[in-house]
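Protein chains in written order, with UniProt numbering: chain P, 1 to 233; chain X, 1 to 233; chain R, 1 to 233; chain B, 1 to 233.
Please note that the accuracy of each hint is not assured.
Same chains, same label: a pair holds when it works inside one copy or across any pair of copies.
Unchecked claim - Below are the DSS-like pairs computed for lysine-lysine, each with C-alpha atoms no more than 27 Å apart in a straight line:
no.: 1; residue 1: LYS57; residue 2: LYS162
no.: 2; residue 1: LYS183; residue 2: LYS57
no.: 3; residue 1: LYS223; residue 2: LYS139
The set of hints was computed from the structure by calculation and includes no laboratory data.
This is what each chain is made of:
Number of protein chains: 4
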Amino acid sequence: MSKYQTIKEQAYEANMQLPQLNLVLFTFGNVSAADRDQGVFAIKPSGVPYEQLSVEKMVIVDFDGHTVEGSLRPSSDTQTHAVLYKNWADINGIVHTHSTYATAWAQAQTAIPIFGTTHADHLTVDIPCAPPMADEMIKGNYEYETGFQIINHFTELGLSHKEVEMILVGNHAPFTWGKTAEKAVYNSAVLEAVAQMALLTRQINPQAPKLKDSLIQKHFERKHGAGAYYGQE
Amino acid sequence: MSKYQTIKEQAYEANMQLPQLNLVLFTFGNVSAADRDQGVFAIKPSGVPYEQLSVEKMVIVDFDGHTVEGSLRPSSDTQTHAVLYKNWADINGIVHTHSTYATAWAQAQTAIPIFGTTHADHLTVDIPCAPPMADEMIKGNYEYETGFQIINHFTELGLSHKEVEMILVGNHAPFTWGKTAEKAVYNSAVLEAVAQMALLTRQINPQAPKLKDSLIQKHFERKHGAGAYYGQE
Amino acid sequence: MSKYQTIKEQAYEANMQLPQLNLVLFTFGNVSAADRDQGVFAIKPSGVPYEQLSVEKMVIVDFDGHTVEGSLRPSSDTQTHAVLYKNWADINGIVHTHSTYATAWAQAQTAIPIFGTTHADHLTVDIPCAPPMADEMIKGNYEYETGFQIINHFTELGLSHKEVEMILVGNHAPFTWGKTAEKAVYNSAVLEAVAQMALLTRQINPQAPKLKDSLIQKHFERKHGAGAYYGQE
Amino acid sequence: MSKYQTIKEQAYEANMQLPQLNLVLFTFGNVSAADRDQGVFAIKPSGVPYEQLSVEKMVIVDFDGHTVEGSLRPSSDTQTHAVLYKNWADINGIVHTHSTYATAWAQAQTAIPIFGTTHADHLTVDIPCAPPMADEMIKGNYEYETGFQIINHFTELGLSHKEVEMILVGNHAPFTWGKTAEKAVYNSAVLEAVAQMALLTRQINPQAPKLKDSLIQKHFERKHGAGAYYGQE
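This is chain P alone, in the form it adopts within the complex (with noise of 0.2 Å):
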């Protein structure tokens, strides 16, 4: 047995929540899960259908973006997974999909306003979409540039990757990610309802002003940090 069996199975048990949820067409969406004390993580192979996934199908990939484990070659968008687990080291898993709502998002290059507390239990600022990347970085290489760009809106902005676990890349799609590969789809699944619900706040009424401070702490507040009393933890 590979000494990386649980992140394969993780990233594999991620990788079917997709489909699951509505998240993905086809093959357009990936999971990663990392483990830390071996410096690497597993990820979806490259363009295999869901219904023939395995856990043993799972590449595993250092967070130098090489491949360490696996004969299929892994996803395309190994190279951002990659990226993101070297410079933020606190997340254990990404996913990456385009979701129908937040895609329509990230193609309008507009970040989606909190306006409600189903919102704000998962974070408590706008869902940031970063710009288009610049010419030289898609002609480049250009998957692990969309890493920088991801971190660097995330500097621009001054929010921490702890508090918001989502992103949407302008023109292309969402990212989401978390302590572990199971909270990152969790958090694409949020994303794709809160996105449904901003557009249509904004049918229903075009000057619909956003949440208020003091219910975007509540609310956070009720699920995060030291005070919070949603679940059972």
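Start from chain P and add chains X, R and B according to the hints.
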């Protein structure tokens, strides 16, 4: 066997209806069922996924919001349920969801206009939307105050909670209730359908007029009151 | 065995198609199937959930709206069915739903423009929308008058119920019919699909022109009339 | 066993994918699979419900549109398929659907703008929309002329059917094709997803710019051409 077995079963069955009716994502919803004789209600435990729910996991809480039986923490919205049960003596079921279309209207801070007979079959007025709460209410006992925000808005509009069994809480999401938990769930599904059709109606015709009084009365009376002739009773 | 067994089976099967085609929520719809020789129709009992329906529960009603066989109360819309059967001798099936998009057009009091060949495959004109009924009709025998509202609108527009097998009743919802109950259900599903596509068409292009006459005639004649060449008959 | 067994099986399997991918209502779609060596294609019989389809019911037709084998009448769109196969020698599968969002763009007579990488992963230009056909073409051999309407629009725009494997026919609906019937079905599903996301993108941002050239080239080349690195081949 618990002396609260009946309401635990009712609450469990009603909670399990939410994902089947596509009214919740993950754990974003909860149902309670009250026993007026014993002065308590059974409610979903906080943050427990629906697939892991069981009758035994339901938490028993009194109308002051104190846990009476159960090892798990009750829903974070428990105080809202308690306030509504305490103040509205004739309801025995309450549902809270973040269902997509109803939540969008809540985020838009807009009451849902009565555009058709589907709406009038269930209530004779616009579906009310309480304004976002005052900061001091939010920073205080938030979920407890949410109950009063609902009750106060009904008082301001002169509405009866026996005739109007649903409300949107501005920036947040819907609450519904009824004589049973099952009826409260039914109301949540009706609200979501009416919310979607109202948005579509305005997209087709931004000047769509509201339903006229004669149709409102006719449809409501078909299903309610002494002359009702819908159904088998 | 009832001498109405055949239409009871037809009505049962056709009613059960509604939830499968996502045309109804709860009990918001009904189908009937007529037997012209015996001068009666079988219809869904009022307010009975689809999962509790059976062939035996179908109610037999004559064309004056009187129950002939069955222990349950027939659909509250029974008088509308009776009027249509009595006045339109060549239809043997009627469906009423509150399907989402068709109902939104009815609430918007707007006929559905003929924008494409999917529409023209089934009828050559806009899908008509009868105006809301006059107050005296509503306060009188409402469901009976609904039947005449439909018939009168067809007369006003000079439409044939043999060529146009569907209508929206303003502020209310759609009715469809056909030579069989099965065909009437088919028409309800087609109406819902056409209603959705028409709304989307106008969202993409608010100035979208209607289909031109040559295409309307061509597509309708592919499926209907002496020169039809669609299908196997 | 028929000497056309292979393409009959391919056509059957590909047709059965359409309802699974939610691309058809009832019989509103058809797929064919060609055998270039034998100069024929297998296509769905006209008007037969998907649940009644079988490999044996597929109809074999030559590239002039004459039935070669099969007791059922072929799809009413057969002449369109024949024209495309005859003129475009390197395609072996064709799909026609009335899928919701793609058909709405066709009805709006609007090409689908290239707004994001999901689009660019599959083609580098707007998804073309052929204008409605001239009256004399419609009144003549309509389906045959539809094939030329498609081919002529590609010629006018200077597009290659090898690089752009999909088109909208104005007022009608989409056609897609590919090296295999399976690929053509894949393209139909991609088209529907891209069509939905493009509409949503413009609803969020009516001034949304198209994808810039560098991103278009990068994404297309990831999946196509000599330097492709998506997938396992």
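Results for each hint:
1. LYS57 with LYS162: Neither. Shortest intra-copy (30 Å) and inter-copy (32 Å) distances fail the 27 Å Cα cut-off.
2. LYS183 with LYS57: Cα proximity of LYS183 and LYS57: in one copy and across copies (22 Å, 24 Å).
3. LYS223 with LYS139: between (42 Å within a copy, 15 Å between copies)
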